[in-house]
Structures are given as C-alpha cells and as structure tokens.
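Chains as they are written, first to last, in the working numbering: chain Y, 1 to 184; chain Z, 185 to 368; chain D, 369 to 552; chain C, 553 to 736.
Be a bit skeptical, because a hint or two may be false.
These stretches of chain Y come out as covered by chain D in the derived footprint (C-beta under 8 Å, 3 or more residues) [said to hold, decoys possible]:
# : stretch
1 : 11-19
2 : 78-89
3 : 103-111
4 : 174-182
Simulated from the structure, these hints should not be mistaken for laboratory data.
C-beta: ideal position from N, C-alpha, C; glycine also.
4 protein chains.
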Amino acid sequence: MSQVVIVYHSGYGHTQRIAECMAEASGAQLIAINPEGQLLDTDWEILAAADAIIFGAPTYMGSPSWQFKRFSEASSKPWFKQLWLDKVFGGFTVSASLNGDKQVSLISMQTLASQHGGIWVSLGMLPSNHSAATRQDINNLGGSVGLLIQAPSDAGADAIPQGDIETARRYACRIASIADRLRS
Amino acid sequence: MSQVVIVYHSGYGHTQRIAECMAEASGAQLIAINPEGQLLDTDWEILAAADAIIFGAPTYMGSPSWQFKRFSEASSKPWFKQLWLDKVFGGFTVSASLNGDKQVSLISMQTLASQHGGIWVSLGMLPSNHSAATRQDINNLGGSVGLLIQAPSDAGADAIPQGDIETARRYACRIASIADRLRS
Amino acid sequence: MSQVVIVYHSGYGHTQRIAECMAEASGAQLIAINPEGQLLDTDWEILAAADAIIFGAPTYMGSPSWQFKRFSEASSKPWFKQLWLDKVFGGFTVSASLNGDKQVSLISMQTLASQHGGIWVSLGMLPSNHSAATRQDINNLGGSVGLLIQAPSDAGADAIPQGDIETARRYACRIASIADRLRS
Amino acid sequence: MSQVVIVYHSGYGHTQRIAECMAEASGAQLIAINPEGQLLDTDWEILAAADAIIFGAPTYMGSPSWQFKRFSEASSKPWFKQLWLDKVFGGFTVSASLNGDKQVSLISMQTLASQHGGIWVSLGMLPSNHSAATRQDINNLGGSVGLLIQAPSDAGADAIPQGDIETARRYACRIASIADRLRS
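Chain Y extracted, bound-state conformation:
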C-alpha cells in the first residue's frame, strides 16, 4: 500500500474538514500547516517518505493562503535534494464563491508539484451540469485539474454541500489508487 499524505492549511476550518474527510476515505495521513506557515521537522520526514502528497489551502484574494505559500517555499529544501521527484500529487482549495478564482489556486499548486518533478492526478470525475443538477451531486462545481470546494461566506465548515464532500472522498481514493499503481 502506498503512503498518501495531505498537507494543508486551514483558516476557518473548511479546509481541515475536507482534509479529514479525504483522510478518512483513503487512509491518508494528515499534516497541518500551523498559523505561522510552518511544519514540524518530523512532518518533513513524513513528506519525504510519502508516495503521494495532496496540497490543501483556502483561496484568499485569488491564491492559496500565505501560510500555504510559506510552506511551499520551505519545500525548496527537499527540492534542492530532489526528494519529491516522481511523487504523485493532487490538490484542493476552498472558497466562498462558486468560482472565486479557485482555478488560479489550483494552477499554483499544480505548478508547485511540477517544480518538484511530480506527477499530477486530475479530478477524474465528470461534471454534474444538467438542468436537474444540485450542489449535492458529485463534481457539481465542474472542476477538472483538482478538487474545488465551496461554502457560503457566512457559514462554517458544516455548510459544505454533501456533494463536495463526496467528491473530496473519491478524489483522495483516486490519488491513492494511482499511487498504488505507480508503486507496484
């Protein structure tokens, strides 16, 4: 079995809830980036040993939170030794708007994974976008590069629609499955 690690920063609990759902579904390990954008030394060892790394962060003002960015820059240390080369990567982001420039965050995460020489796993689920579609459907937001999550600006993490939650669970399992195939 491959080892999947979700490394995330959560501002108000939405990103954390999604990370936990993904971990529960896939058996992934969780690493939380702290409010100063830092990890423990042991966290870096876990990341170095991982087969797959999933990035998670809220989208604030059009890109991932600064704490996530600070972590990204600290990853120049494993980059220098090419420790993450050929690892499997995926990513997700949360914001209050249906669109809300979340795509720009995914492009940023996908670029980070590419700088590390990674292999990026797309969402791999058809969009639910017909007339009867609701926010309770799998991939109702219609993402493709990675996982998009939305909850209203005046609500907590429990307001994330069940469809987004289930999309998150499936994406985590998909990444784990690709990592398994690459490992074998």
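Start from chain Y and add chains Z, D and C according to the hints.
Chains Z, D and C in isolation, oriented as in the chain Y frame:
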C-alpha cells in the same frame, strides 16, 4: 463617446445572447466570428477604430472555441502594426458547469489582450456568496478577471440565469465607462 | 512496453522537429494534426489505444494554435465515452520569445488533459540558470509543468538550440517511463 | 499628475533594485513589504490614495513570495471597503530562470488586481526575439501581461541585464501615463 466593439464566437447561441445583452446595455457594436473562425474585412476596420474590444467565446474542453482562437491568430495582422496598442479590453466566456475551467479561458483572453498591449478591465463587482445567494444575483458565480456565464448542458440560451445576464449588462457599461474616461 | 503517442500541430516546422526528436528518443508514435485541425479516423483509434499522449503545438498570440484547439474540441468525442481517463499526458510548446506566454499554452494543455481525467507528467529536470548557463544546457529556459522550446522569429527549425532538443528527448523518455510504471 | 505606488517584497535585493529603477524613472513612491509580510499603517493610507499600484515580488517555487501573499491577504481590508476599485495596476516578478514559472506569478498578481476591481496595464512592448537579440534588448524575455526580470541564481541584483532594467523603467512610465489619462 467611445466606441466599444464586442467580437464573439457562439456555438449554440449562449455567447450570442450575452453579446446582444451587453450591446443593448452599453451601445456596443457586435461582430460575430463565423463558423470557420473568420471575420469580414470591414470587421477588422471596425476593430481597428474601436476604443474598447470585448472578447466573447464559449469554453470548450478548457479553453475558448477554436473559431475564437483562429480569430486571435488573425489578429496578429493588426498586432504587427500595433493597431490595438493601448485599447481597452474585457472578456467573457460561457460553459455548462459552474466552474468548468472558465478561468483558463479568461486567462487566455487576458493574455491575448496583453500581447496587443491592451488595458484590461476587471469585472469590478463583488461576489454574491452568502447563504441566501442565488443564481439570480449579480456576480453569483464570483468572477473577477472577467465575466463568467453558466447555463445547464441540456438547456438553451434562454436558461442563462437573470443574474448572469444583469452581470453582463453591467460589465459592458463598466468597460464603456472606462473607455470614455481614457478617451477624454 | 507502453504505447506513447505524440499528437501535434506544426505551423512552420519547429513543432514537427521537436515531435520527431521526441519520437526518435522514446519510440513514440507520431500523429500530425493537419492544417485544418483534423485527424484521420485511424488516428483517433491510435489515441484511444495509447497509454500516454503528448500534446504539441506552437504558441501563437498567447495560446496553442487554432488547429490544435480544433483537435482538442474533437476530443470531446472520446471524452464523452471517457476513453482517455487515467491516461498519462505531457505537453510542449514552441515560440520565438524566451517567455512569450508559453506557460499559458502549457496551462491550457494541462487543463485539456485534466478534463479527460488524465495524469500529467511534469518536466522533471532542474533548470540551468547559473551565470555560466547557456541555451545549450538541459532545461535552460527553466520550465517545470511541461516542455518549453524557443527558436528566433527569423529562423527555421534548425535554429532550435541543442539544449532544448536534448530536453525534449529526455522528457519523452520520462513520460514513456512513467507510462511503463503505471502499466505494469 | 497621478500618484503611482510600487509595493514590493524583495528577498535578496533583485526586486528592490527593479522597484527603485521604476520609481526613479516614473516618480513612483516605494513601499517595501517587510520580512514578515507586513506594512506600516501609513503605507495602507498611501495605497488607498494612489491612482496606480504596481505589485512586485520574486517568484519562489512558482508563485510570488509568501510575504507578498500575506500583504495580498491584508489587502482584503481595503477590498472590503472597495477602496482600490478602478485603480490602475501593473506587476513584475523576478526569478533566476528565463521562464521559471514567472507567468504564474503574473497571473496571480493580475487576479489580485481583478479582485480589487482594478484596471490592468500590460507591458505594451514588442518582444525582441530575432536571431541577433540579446539580454540587453527591451523585452528580450518576451513578456506581455506584465514585467519579467531574470538574473542568474548565483549572482546579485547587479547582474540583472540592462535590457530588463530599461524594460522596467519604460513599464513604470507607461503605467503612470495610463493613470494620468484616466485621472484627467
């Protein structure tokens, strides 16, 4: 008064409907890219004389339609003479999914405008993303770089929510107003 | 052994030269998109049977050529049947400028691969960017998401620097190797 | 005369040098983001009063530095009051590679400006990309959305080619000139 021109390609009528609503609201002139991705010679003269150019195209497979792309490449002729330098630009795109990689289309349009040395006008409307928000609200999709329009995959142009229509009308007026200010 | 297919559009021969170098190095099969943006029926069958697909196109006015875009839209047919789901993907683009918005083309290609539910292989080579670096070095342009190729605007395909050629050869082999690992 | 403000974060002095050259050429005011990603209260007042804001940051691991990102998030305060609506914006980024994913940083900056409802000024200079082109030419990197600056990874800010410096100076003047036209 500045001259605003909307140059668009429409596959199934959605982009055309939005273009017409924007023209009606702002007094902009319409130029349709034909099914082969071509314009009339007189259309190029109208574009050369415009103060502002608004790009419109559906998002198909993650970027603007090939007919719009063919038009973009034909614009290398005015680019060569720098005829569009310092013009005002904006853009919009339509797809069936709430997200549907529409942002990638806007990035592509904004890049085209930048290659011409243009001045890009953002949407300039706050997103409607609270718990009571509906698709009837202004900027419910939460765009920022340009205008995002969505209608279900199994429905025609008349299924575009009124909120998206009104957002389109206001964006056209906003672009005209910035063009007026730059012209004076 | 996995089957790698390079599907490309070439305007002036640069993209074709790179495609041929990549095929020679990796044993990949070549499919040329014709000047009308079309493929043969048998080409679509080859793509459906491929383990890995590499996209290639010049960057014109900030995004891949319209012929490549037309091919992208025709790929909605295999998309409808999810024939390319879980395939391995990579991409490259050519333009006359060192930057020249090539990144926007790669984002577009990576988004297309993601719409198909693909697995994207990054370039995976460190940039050569120290004081003594030259255009004869591996990854001198400093790409990461995919392969960047540059040749002057007033020169033919034989002016592509040897460093870019060698980067292309290695990227093709890298994609084939990842496809092999996923297949086994 | 319009008031142009350059707000930048510099890690090793390259971004600062460019910011200073731009200020000298255009009469812009400089605001440095500190190593913790913070500004003085008076800096926010200067930004609120500005006609044009130019963003500057190095590209680290594929996006602007975390200090710049922290500043971006702090700008949600003026965003909340829409204090930057209709301001003129531009941006620049520095990295060691010719490409180095600088475009992703510009997309991020342009998105930030758009979230504020801004008007984005493209570089507006033709690329120098013929066979005799050198790094001493105006826009030799071939940027369009904003300003791209490159200096080798093992060299200081004084190794930035004169062509990039002159491109920076002209871009600052261009932004000031557009701001003047909009103000009048």
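Now the hints, each set against the structure:
Look at the stretch 11-19 of chain Y against chain D: 0 of its residues bring a Cβ nearer than 8 Å to a Cβ of that chain, fewer than three, so the hint is violated. Beta-carbon proximity to chain D at under 8 Å applies to 3 residues in the stretch 78-89 of chain Y; the threshold of 3 is reached and the given coverage holds. As drawn, the stretch 103-111 of chain Y meets chain D at 3 residues by the rule of a beta-carbon pair under 8 Å; at three or more, the given contact holds. For a cut-off of 8 Å, the count of residues in the stretch 174-182 of chain Y with a CB near a CB of chain D stands at 3, and the three-residue condition holds.
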